[in-house]
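Please model the entire structure based on the sequences and the hints provided.
Using full-length UniProt numbering, the first residue of the sequence shown is number 1, and each one after it goes up by one.
These are calculated hints, taken from the structure and not from any lab test.
Hints should not be assumed to be uniformly reliable.
To be verified - With a cut-off of at most 25 Å between alpha-carbon atoms, the simulated DMTMM-like pairs for lysine to aspartate or glutamate come out as follows: (1) K178 with D226; (2) K178 with E164; (3) K356 with E315; (4) K356 with D403; (5) K265 with E232; (6) K254 with D282.
Said to hold, decoys possible - Quick list of the computed label-pair ranges, beta carbon to beta carbon: (7) V293 with T353: 20 to 26 Å; (8) K178 with S334: 44 to 50 Å; (9) E101 with G338: 30 to 36 Å; (10) T406 with N328: 24 to 30 Å; (11) V293 with A137: 51 to 57 Å; (12) T405 with Q171: 20 to 26 Å.
Cβ coordinates follow ideal geometry from the N, Cα and C atoms, glycine included.
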Amino acid sequence: MVGNSEAAAGANGGQHSAAAAAATGPSQPAAALDNRSGMTEDEIALYDRQIRLWGMRAQEKLRSAHVLLVTMRGLGNEIAKNLVLAGVGSLTVADHENVTEEDLGSQFLLATPSVGDVVPADATLEQRQAADRAAAAAVVGTNRAVAASQQLSSMNPRVNVMAEQRDVCAQQVNYFAKFSLVIVTDRNPEVLNYINTATRLQNRPFYAASSYGLFGFIFADLIEHDFVIVRERGNIASRVGDHETRTRTIVDVKVEGEQGAAATKESVTKREVYSTWLLASDASPLPFSIRSVARRLRNVTPLLPCLRALWAFQENHSVENYRLPDANNAQDRSEYIGLVSTKQQALGMPPVTADKIREFLQSVSGLRETSPVVTVLGGQLAQDVINTIGQTQQPIQNLVVFDGTTMQSSVYAMHPEMDLGNAQLSTAPKSTATETAAEATGVVLDPAAELALASGPTAAVATPSLPLQLAQAQVQAQVQAQAQAQAPAQNLQ
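What follows is the structure, encoded as structure tokens:
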């Protein structure tokens, strides 16, 4: 199911649809397309099928992109595999933790590339499986990123695969400027908040995703993203400035072919605007198109308040390393059920059934990663990243909730009742304290940095990097402003 019509175009981000193919023009051999990108004949032959789908220009953009992928567990493995096989230019996989035995159950990239060389051609299935297990076990204790990068490089030698063994949260904010796009998987809400704020300061698109047994989510903050749709001209002309939805605006229209009545196609550039992780994940209501219609509201997946309650539980247990709730712990169950009720009421949704809460909680605390779920989520996220880099298709807007029990993805445009896009980082007034702190630390201020600094204690600025406390303060100030803006309206009701 699709949560709302505003995001419907992004709901099938992991699948190639006939409509998407039609939008890019008739399918033809890639070699027949105009090649001004500098791609070699071998590359064109290798990527022939996907070039037919999204075009030479999009493939060249993908070839020039440098993607950062944080955390190499099962979901990260799937995303990395899809990006490497698609021909991304460079991929940096980052993980500061080492491989554990638990990782072996869901991470296919941990097997060494040389397994096939040491197993005889006439080996039985059992012998091959035993060799695979032995090879995988040999990587236990090694760095996750390093172990995964070796297998990724063998999948597509044309892709530059690099391993980052440091914790990216310990790096300066400008660390993220060298990447075209950043993806973070399986990290707690605090880390997502920090990295998303850092990517905003560097004007870089951001994706987050996690899987919890049979369930999972994808979040996108592309700040302000333009993409081009080539389509047949309709009876109603597309006009610059038209607002198709609250988040999507037409910014350019070009008629292709002969001018006048003979022109049958148009190239329409659209712009989607986004919100930060913290604003979308907890402070944003459902879209008005949903909450204003009782039938649509009843159809909202109960996983939405379940996920928000899960993130709140992790934040409540920050001193315990943002742990997940334990379904076998009565105190955890009671706390989590209360949080689900709070989030459900805030969204204006019907109560979540006890069976659904129990099912979700058991999945979170027991199953961890399941291969079918990470395969679906990883494929959908990787495809949307390709769409974003290529700028030829509608991206996710902005939260995908996946239910593995029904194999359905619901997409919701979760935004606060405030300005979106770049405006969320340019509303703070300048202050003398901010400028003094910046001069003392060598920070080059832009409006986004000014907002972050103005929202937090000056004493926290001890280095040219943006500390985690400052990143939190930037989005927390927006949450408080949103709450204050809503308070008068609530008092009138």
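Right, here's what the structure says about each hint:
| no. | hint | in the structure |
| --- | --- | --- |
| 1 | K178 with D226 | holds, 20 Å |
| 2 | K178 with E164 | holds, 13 Å |
| 3 | K356 with E315 | holds, 22 Å |
| 4 | K356 with D403 | holds, 11 Å |
| 5 | K265 with E232 | holds, 4 Å |
| 6 | K254 with D282 | violated, 39 Å |
| 7 | V293 with T353: 20 to 26 Å | holds, 22 Å |
| 8 | K178 with S334: 44 to 50 Å | holds, 46 Å |
| 9 | E101 with G338: 30 to 36 Å | holds, 35 Å |
| 10 | T406 with N328: 24 to 30 Å | holds, 26 Å |
| 11 | V293 with A137: 51 to 57 Å | holds, 54 Å |
| 12 | T405 with Q171: 20 to 26 Å | violated, 38 Å |
Violation of the numbered hints given earlier is confined to hints 6, 12; the remaining hints are satisfied by the structure.
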